[in-house]
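Listed below, chain by chain, are the residues.
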Amino acid sequence: MRLTEALQFFPGIGKKSAERIAFYILSNPQDGKKIAESVEEVLSKIKFCNICGNITVEDPCSICSSHERNRTTICVVEKPMDVFAIERAGIYDGLYHVLGGLISPLDNRGPDEIRIEPLILRAKKEDLNEIIIATNPTTEGEATALYLQESLKEFNIKISRIAQGIPVGTDLDFADDITLLRAMEGRREFKD
Amino acid sequence: MYIYNSGMYLKSLYANNFRNFRMLELELQPGKNLILGDNGVGKTNLLEIVYFLSTFGSFRTGENVDLLKFGEPFFIISGVYGDTKVKVRYSDKKEIFINGLKEVRLRDSFGTIPVVALTSNDLEIVDGSPSCRRRFINMGISLYNRTYIDTLSWYNRALRQRNSLLNHAKMGKVIKGIEIWEEQLSHYALPIIKARVDYIDKLIKHTVPVFNTLAGQKLELSYKKGGNYRNLKEQLKKMRNKEIERGYTLYGPHRDEIIFKIDGHGAKVSASFGIKKALTVSLRIAQARILNEVRKEEPIIILDEIIGELDRDRIDLLSGLLDEYEQVLIATTREDVQGSGDFNVYRIEDKDGTPVIRKGLKEIHSI
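Protein chains in written order, with our numbering: chain E, 1 to 192; chain S, 1 to 367.
For reference, chain E alone in the conformation it holds in the complex (with noise of 0.2 Å):
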């Protein structure tokens, strides 16, 4: 059946799923017509955000359009899941950069195949104090993070990177040894 060949193209589905799912659809066409609906509008309307690379609907979206937040700090990601997450959480009122993917040559993704440039022109353009590298803490996040800071210290805009470190509300004997060490190396000073 092709339809759950193409379910399991998602992630988290497996070929279980992806079955449960064709058959809901098969016996709740209504359902099934609506995902198809907000799929096609999703898929015509969206598009890429020509400063941060964030989608959205309007271009520039809502946040770079923005005179309400701080204009003066970025907060660079991998990918727009990572702004829905701050945004989600309410704790950061600055701008974003979205890099569409981490440099990982393996993947024939170099520094040019990611959005880089445009962020190191914002750099220049933009009147910035600080710029938050926010990608994850795996073996590729963290060369991205080296290259841009590399990339970017020749501007006198302060560079900073999220710390790393136990989970809130877990206790310390939960927390793996890689996560105890980073914690450990990130730790600072008690200040009044």
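None of the hints are false.
Just so you have them, the derived chain S footprint on chain E, three or more residues with Cβ under 8 Å:
| hint | segment |
| --- | --- |
| 1 | 98-111 |
| 2 | 143-151 |
| 3 | 176-183 |
Cβ pair distances, simulated, as ranges:
| hint | chain 1 | residue 1 | chain 2 | residue 2 | range |
| --- | --- | --- | --- | --- | --- |
| 4 | E | Val42 | S | Val174 | 33 to 41 Å |
| 5 | E | Phe48 | S | Ile259 | 51 to 59 Å |
| 6 | S | Val174 | E | Gln149 | 19 to 27 Å |
| 7 | S | Lys194 | E | Asn129 | 32 to 40 Å |
| 8 | S | Thr354 | E | Glu113 | 55 to 63 Å |
Keep in mind the hints are simulated off the structure, nothing from the lab.
Built from N, CA and C at the ideal position, the CB exists for glycine as well.
Given the structure of chain E, go ahead and fit chain S onto it with the hints provided.
Using the frame of chain E, we list chain S on its own:
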């Protein structure tokens, strides 16, 4: 005689659909356990269960599918070590449960049951390629230093990324940002090298006297570093063009080597089969002693056939060395090993295609 007081030994084993075991339930004793039986009845399979519960891998095969009883879709094995129950369920993928709780990452529970295995594959530590010796060192460190496994996998990831860039350059493409991978490599290399220097120091301390007891010869063991570790980043930068020609990274911990010399001669080329055996046994005993020194826990020692390949005098010597461990499991076809010490003797026989295990006259398992 060793006094068994810590209770940190494997008290019981359970297996379902593992190799030739349809269903196995076995109580085990501390001290030296001898598993006697003919070839092909399942002695090694029994030890493999113990090893798998420690490392979530086999010492015989890299393919978990091979471990399934023929035609079965899953296997379950478990063991109780002290008060901790470790269970592995396999069908398509492995799931680990520690005291009933599912572990998210395999490597977080790696070595929960500390096991050191002596198998006939160990000969590759002496005879095999340098990667076999690195694997031996990596395994030894991983049993007490879990961040080492992570660092090693990040290092290898960064290595593959840099090699892929070198390859692109070799094919004439313009490459950009190779420095960041060199930075990453030297960053991850540091804790790997530090752990290895430390481990090899300990290995020398423990292997040399054991080898001298078993073989009566002088062993030298040294660490040949795979790069200039005072400044690996600089070396990678300087050698970049040469490495582009080759298409891969020539310097770093992935090129480390361990050298064994016996009475001044390279072991790989000059030592006899018996001496090589004695060397691998010494290395494993040392590995167990280091684990005990660092983790303050006696590892369980398993010996697959090794003892039967030694001569009479060495069997007595090895048996004596094994007295210091809380629990030892020895599989062999040789009946006369019983004469070399105090053993709990288990017999394993084939009865119409199913293995039957007896302790003394009592049949304790038959399905």
